[in-house]
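Participant: Here the protein sequences come in this chain order: A and B. For the first sequence, position 199 (counting from the first letter as 1) is numbered 199 according to the working numbering, and the numbering increases by one without interruption. For the second sequence, position 329 (counting from the first letter as 1) is numbered 329 according to the working numbering, and the numbering increases by one without interruption.
Since the hints were made in silico from the structure, they are not lab data. Even for Gly, the Cβ is constructed at its ideal location relative to N, Cα and C. Incorrect hints may have been included.
Partial selection, computed: residues in chain A whose CB lies under 8 Å from chain B [stated by the list, open to error]:
#, residue
1, Gly229
2, Glu248
3, Cys249
4, Gly250
5, Ser253
6, Gly259
7, Val268
8, Gly270
9, Asp272
10, Ile273
11, Ile275
There are 2 protein chains.
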Amino acid sequence: MAPVRNARVLMNEYPTGYPEPGKTTVYDDSQTIDIDNVPLNGGFLLKTLVLSIDPYLRGRMRPTGGYTPGFPLGKPLLSYGVGVVLRSETDKAKAGDHLYGQFTHEEYSVRAVLGDLAHIEDKHGLPWSVYTGAAGMPGQTAYVGWKEFAKPKKDDVVFVTTGAGPVGSFVIQLAKADGLKVIASAGSDEKVAFMKEIGADVAFNYKTTSISEVLAKEGPIDIYWDHVGGETLEAALDAADIGARFIECGMISGYNTGGAPVRNLMQVIGKDITIRGFIVSRSFGKYLKEFYDTVPEKLAKGEIKYREEVTHGLDKVGDVILGVQKGTNKAKAVIHVADG
Amino acid sequence: MAPVRNARVLMNEYPTGYPEPGKTTVYDDSQTIDIDNVPLNGGFLLKTLVLSIDPYLRGRMRPTGGYTPGFPLGKPLLSYGVGVVLRSETDKAKAGDHLYGQFTHEEYSVRAVLGDLAHIEDKHGLPWSVYTGAAGMPGQTAYVGWKEFAKPKKDDVVFVTTGAGPVGSFVIQLAKADGLKVIASAGSDEKVAFMKEIGADVAFNYKTTSISEVLAKEGPIDIYWDHVGGETLEAALDAADIGARFIECGMISGYNTGGAPVRNLMQVIGKDITIRGFIVSRSFGKYLKEFYDTVPEKLAKGEIKYREEVTHGLDKVGDVILGVQKGTNKAKAVIHVADG
Numbered sequence: 001m002a003p004v005r006n007a008r009v010l011m012n013e014y015p016t017g018y019p020e021p022g023k024t025t026v027y028d029d030s031q032t033i034d035i036d037n038v039p040l041n042g043g044f045l046l047k048t049l050v051l052s053i054d055p056y057l058r059g060r061m062r063p064t065g066g067y068t069p070g071f072p073l074g075k076p077l078l079s080y081g082v083g084v085v086l087r088s089e090t091d092k093a094k095a096g097d098h099l100y101g102q103f104t105h106e107e108y109s110v111r112a113v114l115g116d117l118a119h120i121e122d123k124h125g126l127p128w129s130v131y132t133g134a135a136g137m138p139g140q141t142a143y144v145g146w147k148e149f150a151k152p153k154k155d156d157v158v159f160v161t162t163g164a165g166p167v168g169s170f171v172i173q174l175a176k177a178d179g180l181k182v183i184a185s186a187g188s189d190e191k192v193a194f195m196k197e198i199g200a201d202v203a204f205n206y207k208t209t210s211i212s213e214v215l216a217k218e219g220p221i222d223i224y225w226d227h228v229g230g231e232t233l234e235a236a237l238d239a240a241d242i243g244a245r246f247i248e249c250g251m252i253s254g255y256n257t258g259g260a261p262v263r264n265l266m267q268v269i270g271k272d273i274t275i276r277g278f279i280v281s282r283s284f285g286k287y288l289k290e291f292y293d294t295v296p297e298k299l300a301k302g303e304i305k306y307r308e309e310v311t312h313g314l315d316k317v318g319d320v321i322l323g324v325q326k327g328t329n330k331a332k333a334v335i336h337v338a339d340g
Numbered sequence: 001m002a003p004v005r006n007a008r009v010l011m012n013e014y015p016t017g018y019p020e021p022g023k024t025t026v027y028d029d030s031q032t033i034d035i036d037n038v039p040l041n042g043g044f045l046l047k048t049l050v051l052s053i054d055p056y057l058r059g060r061m062r063p064t065g066g067y068t069p070g071f072p073l074g075k076p077l078l079s080y081g082v083g084v085v086l087r088s089e090t091d092k093a094k095a096g097d098h099l100y101g102q103f104t105h106e107e108y109s110v111r112a113v114l115g116d117l118a119h120i121e122d123k124h125g126l127p128w129s130v131y132t133g134a135a136g137m138p139g140q141t142a143y144v145g146w147k148e149f150a151k152p153k154k155d156d157v158v159f160v161t162t163g164a165g166p167v168g169s170f171v172i173q174l175a176k177a178d179g180l181k182v183i184a185s186a187g188s189d190e191k192v193a194f195m196k197e198i199g200a201d202v203a204f205n206y207k208t209t210s211i212s213e214v215l216a217k218e219g220p221i222d223i224y225w226d227h228v229g230g231e232t233l234e235a236a237l238d239a240a241d242i243g244a245r246f247i248e249c250g251m252i253s254g255y256n257t258g259g260a261p262v263r264n265l266m267q268v269i270g271k272d273i274t275i276r277g278f279i280v281s282r283s284f285g286k287y288l289k290e291f292y293d294t295v296p297e298k299l300a301k302g303e304i305k306y307r308e309e310v311t312h313g314l315d316k317v318g319d320v321i322l323g324v325q326k327g328t329n330k331a332k333a334v335i336h337v338a339d340g
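Turn these sequences into a full structure, and let the hints guide you.
Facilitator: Next up, the structure:
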């Protein structure tokens, strides 16, 4: 077969504010690849099927990176994804295997080693995209964060931010499964409806409703799941009960502004608050088997609900990244690159 | 005996910035008390010996209080103190008993009930003032905070702020007893010398030396003991190692400014940091016996070192409160009210 297009998305310029499609990142379709003959040198050829676009990517769009290293200029972006092995010279990954992990933003890539890529099997008829969402890193984040750090007690009140997103919506369902009262916020009325559908007792649109007023009425809160930081974290600190647990999963209000200030941290002293930050990879190991044994099946049966917004084509990556930073995406953002 | 003076220090006006002696608080010596005949109504008459002036008092100088209620205007201040019972109509407190706890800023007071006041005995020849410092609330704060939240591991590096104060100096000695490397900061060269004397491996004057530079050279840090908040907390977050524990004991940089902003809280996520705030009274119960059984003796023998700056007279309370807020006090600030 003749060489085919191998389009890529490259890191082009570090943004100071919001990332700009076509400037921060550029779509490049100038390269080709000879799928049948490209040398593998003992490795394997991977075809990208799905790429996950998540809020934390903004942190990598700087020279020093966020909690993961910065993307080098002129090189493809990296994000979680699912792909299928087309050819292989290693028994670590056979043709036809599906792999999940960090993918370069390319239609095809040759990998020397399996590295951190994990084999996934779809036993329940879920789209591969779900393995980057509710059954992937975001779902794992919700799962381990809740199991390790929430320490739920009877009659606790939980406040979940970004409650319609892939992490937040999972957290709402974990909290409801534990019998707690859940307050949840998101940025559109349509997201509010989804949060109610999955069980939130109080769901509100933070763009039209005062967070402080909702928490004053429905709190005090015992558990806070943070994806926002800044003023939202301040409101949660003011509304916290003594002994509250704050689970710090993200702080998007500061990602594009150099960090959003928090002025009332003093509340952690007066209220004996524990703030626990985490990234999923350091804590997930002990839950891995339990997660894959139970979560995909529950997702397939509808016992855990999820939503995703699928955009087709690598050329849309820049727009979707911006949408996720601004919160204009409607659900878990995934890029469909190819079937397979 | 004829009535004698019963001087008091009253809350007069809530400050917006630093408290102003004579305006924020006023000394009032217009009242008298007939020690022999004042009716006790089943309670007891207490003579104030020592009052403790601590940083947290600033939080009570507002209508809503800090993590303790606000001081009512026109009423005496309250702080930890030691006093002796002069007369009593209850067997809960006999004449000659020494009591420790929250004292009104008055030379004499009639108490209806013992309440939270605790009996103290001095078996080791310590001044009563020490029972408001290293053997009182500040020492207890260091003790319970370290035992409950520091989770020291071999080769950990600790950064202690306000390391010459009654809490910080105790923490330095607890950390050294656990074999850790201790970095400590304070606001004068004389305090730096004291921190070295009690074992700090690296001691520096934050007014003349860059905190960030010291931590970059001597860190990363695994445990941070915070009395300062604001920019110092930001520097500690930047210098923290993965899995660091931050013990939030005070945030004086914000007490007189309405709260000092922290802009890099995002570090708690990338570094899996735990921030734990606490006030001593909620956690100390289980350590109370152990503390009083061991600490006063070690203080008397010089096995735990402490320093105090004693100021004589209730009329100096306003000045000493201001000094503690500005850090111009040289050591644990106590007001000597009377011998006894």
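Participant: Hints numbered earlier in the text: which of these fail when held up against the supplied structure?
Facilitator: 5
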